[in-house]
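These protein sequences, in sequence, are chains X and Y. Position one of the first sequence corresponds to residue 1 (the numbering used here), numbered consecutively onward. Position one of the second sequence corresponds to residue 1001 (the numbering used here), numbered consecutively onward.
What the hints contain is simulated information worked out from the structure, not anything from laboratory work. Every value quoted in this text rests on a predicted model; they were computed, and no experiment measured them. One thing to keep in mind: the hints can contain errors.
Here chain Y is said to cover these stretches of chain X; the calculated rule only asks that three of the stretch's residues, wherever they fall, bring their Cβ under 8 Å from a Cβ of chain Y [stated by the list, open to error]:
1) 45 to 55
2) 59 to 69
3) 74 to 82
4) 136 to 147
5) 355 to 367
To give a feel for the contact side, a few chain Y residues facing chain X, derived at Cβ under 7 Å [stated by the list, open to error]:
6) Ala1016
7) Gly1055
8) Val1111
9) Gln1162
For each residue, glycine too, the CB sits at the ideal point set by N, CA and C.
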Amino acid sequence: MSELASVPALLDASPSAPAPQPQRLPIRFTGQGGEYFRIWIVNVLLTLLTLGIWSAWAKVRTTRYFCSNTQLGGAAFQYHGNPAAILRGRLLAAAIFITYSVAGRVSVSAGLVAGVALTLLSPWLFYTSMRFKLANTSWRGLRFGFESTAREAYAALAPAVVVGVILFAALARFQRVGAGEQPNPAPVLLAELLVFALAPWLHARVKAYQHGRARYGALAFRFEPSTGAFYGLYGKTFLVALPFGILAGAGVTAVVVATRSWEGGPAAAKAALVPTLAVVYTVMTLAYVVAGGFLAARLQRLVWTRTHAGPVRFTTTVRARGLVRLWLVNGLLTLLTLGLYWPWAAVAIARYRLESTTVEAGAPLETIAAGSLAPERSTTGEGAVDFFGWDIGL
Amino acid sequence: MSEAALEGLLFDGRSAASTPVRLTIADGAIRVSSADGALLLEGPLARLRVTEAVGSAPRQIELPGGAVVEVSEGGALTAALAAAGHRAGLVQRLEARWPAALAALVTCVGVLAAAYVYGLPAAAAWVARSLPASAEQRLGDGVLEVLDGHFLQPTALPEAEQRAVEARVAEAARLGAAGVTYRLLFRSARFGAGVNAFALPGGTVVLLDGIVHGTAGDDRLVAVVGHELGHQRRRHSVQSLLKSAGVGAVASLLWGDFSGQAAAIPAAMAMFDYSRDAEREADEDAVRFLRGAGRSAQPMVDALCLLQSVEREEGLGGLPKIFSTHPKIAERISHVREVGGLADPGALCPAQAPAPVPEPRGATCDDDDEEEEGEGEGGAPARAGATAPTGARYTRSTR
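Next up, chain X with everything else stripped away, as it sits in the complex (with noise of 0.2 Å):
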């Protein structure tokens, strides 16, 4: 088609009309479940034939099917990622994974070391992929990319390698008791109480830098500031999981009472351990799943209503209760139909939270030039990080 040399051309001739008034723009996900399911379910098939391989392929048509069935403005996105890149990443990920299992299993001391490692390699392998990532997606026929470099990445996520390297030689150091040592859990309690402290603050760089250095064409992205805002997050999400740490509790009283288990000795102290354990799991499932969705439906407003990109600001109208509810409801069906369900559900949680996000354009979109991106083929990361299962979806 070397016809087409002179498209460009003909298109500067006829200028399309700019739109005055600053545009609300909603989002639309037309995916639907039965479709998803088709596309999963063969998935799933050939990534058992061939053991695993085919993953990386996966992978591609899952993000091509819900990225192109995601339309703002009369346009889709689009996914370009190679799946051949993906699976290089995927396999070095496997490598560390082995590696580091492996370690764990031979001595505490080699998979501390695995794991301070993976720790120090965290920052590199989040930069390659939010590049990727960013890099093969395209909207209206331009990319988005993440304009930054490897030692930036370092300086913005050092102060959560650290954190996590103090809590793995902490864990490391309780695990290796003797067999006659008592475990000593006062360092574990300690980084623990560090983590709890600095999550909000570590949280907040990360977002920050994330959002602060993507583009869409030559169209800069820009992150407020919001350490406080994630302070404020974190604190109520803890005061909504804490009825359920004291329903835990009084969960566990109720059975050791009714079982009678302090007098009858360790046959009764037994027989009290199973209804005590299916207490204790079914409350924290119920404890992650509203206090998991609560923290991530008030993360999407938080983090969106502070990302803009020059004239373009976010707005978005999702409801923690409509959240868990979903969560609740599909992740219900899933397990009763031993994971069939998941595409049904994995399709209504992206609607849910797709369509609730609105975008407002101080200015009209078409307007917005091309930057001079390079197309992106960084291998590793995306692969990598998307194997250890990190969250870092935007």
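Since the structure of chain X is provided, determine the placement of chain Y on it from the hints.
Frame of chain X; chain Y shown alone:
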């Protein structure tokens, strides 16, 4: 030849601006024209570069120079291309049809079942055979480290009793299993009575206080060690460890992005899950071990009877259940009688099987077979008259 017309948006790849265009597919060619009918470009379908279909989502036709035409009716474009003889790939054709998707689902279940039943044990056995002894030793040490951290505590046995057990086992091993290297370790269970012994990769046999008390350190304990050395020699524990790692890997491959926690559970469940055949082999090894040491198979029968009585007493519940995965004991007892050349393979346990737990505490067990077995007390004398009723055959034992 069929002809199809579709609406699309042309993006030049340099700005976000769009131009509405009309696509016509006919006579093996695709034409793009502007809204007012002017032909923008034309090219043969054979050289068309178009993004693969994912369901009915919008598709993009890639033009030279970075421009694209986006067709929001992706399904209509796919249909038009198919009608014009431009066949979609195999994967997309599978995804497009419900019968194919359901066939894929059935095949998935079949593949998983076959891999679990045939593939996993074969792979684990192969890896276990090719694993160097030093790696096996380190693997066992790692497991012991975890067990010590969570499930075990130091033994309460007096030094003299430990030495006596070691001497008795060493004397039997010298005769019955010459050249076999093993290491005995004494521990006590954090939860429950712990009438149990197990072999770790690398030749370590862990004896819990409960089993030493229960067997009174006599030949029944020698039989138990013989059984565990059988597991060790046949590398059963390495294999089950490898199998659990394999199950965990597949589970996280399938549900990895769904929940890493859930993926870890089957791995934990599969740990030390020996098959019926593995137990049978280890039982035969124990009989051979006893014979080599100049004893009859009777201590092994007695040890199994002890485990059976413990099992019935403990009933359901308790963490160490993870480690109690032996097949039906009654079946094993008759097999041991058979290979051991003892009279009457069908006979039940002897009446004198003593109770294991040293504490005379009145533990009230809510056992489900209470109606068959009036007394639930753990005291040794109370159990003396108890014969095992048939119901007891269906319990499993702790090792």
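Quick check: do three or more residues in the segment 136 to 147 of chain X have a beta carbon closer than 8 Å to a beta carbon of chain Y? Coverage by chain Y holds for the segment 136 to 147 of chain X (4 residues, Cβ < 8 Å).
Under 7 Å is the threshold here; is the Cβ of Y:Ala1016 close enough to any Cβ of chain X for the hint to stand? Since the shortest Cβ distance to chain X is 4 Å, the answer is holds.
Hint validation: Y:Gly1055 versus chain X, beta carbon distance must be below 7 Å. Holds or violated? Y:Gly1055 check passes; min Cβ-Cβ to chain X is 4 Å, inside 7 Å.
Residue count check for the segment 59 to 69 of chain X against chain Y: does it reach three with CB-CB under 8 Å? Result for this restraint: holds, n = 5.
According to a criterion of three or more residues whose C-beta lies within less than 8 Å of a C-beta of chain Y, is the segment 355 to 367 of chain X covered? The restraint on the segment 355 to 367 of chain X holds, since 3 of its residues have a Cβ under 8 Å from chain Y and three suffice.
Next item in the hint list is Y:Val1111. Is there a CB on chain X closer than 7 Å to its CB? holds (5 Å)
At a Cβ distance under 8 Å, does chain Y reach at least three residues of the segment 45 to 55 of chain X? The restraint on the segment 45 to 55 of chain X holds, since 7 of its residues have a Cβ under 8 Å from chain Y and three suffice.
Verify this for me: three or more residues of the segment 74 to 82 of chain X with a beta carbon less than 8 Å from a beta carbon of chain Y. holds (count 4)
Hold the hint about Y:Gln1162 up to the distance rule: shortest CB distance to chain X must be less than 7 Å. violated (13 Å)
Against the hints set out earlier in the document, a violation occurs for number 9 only.
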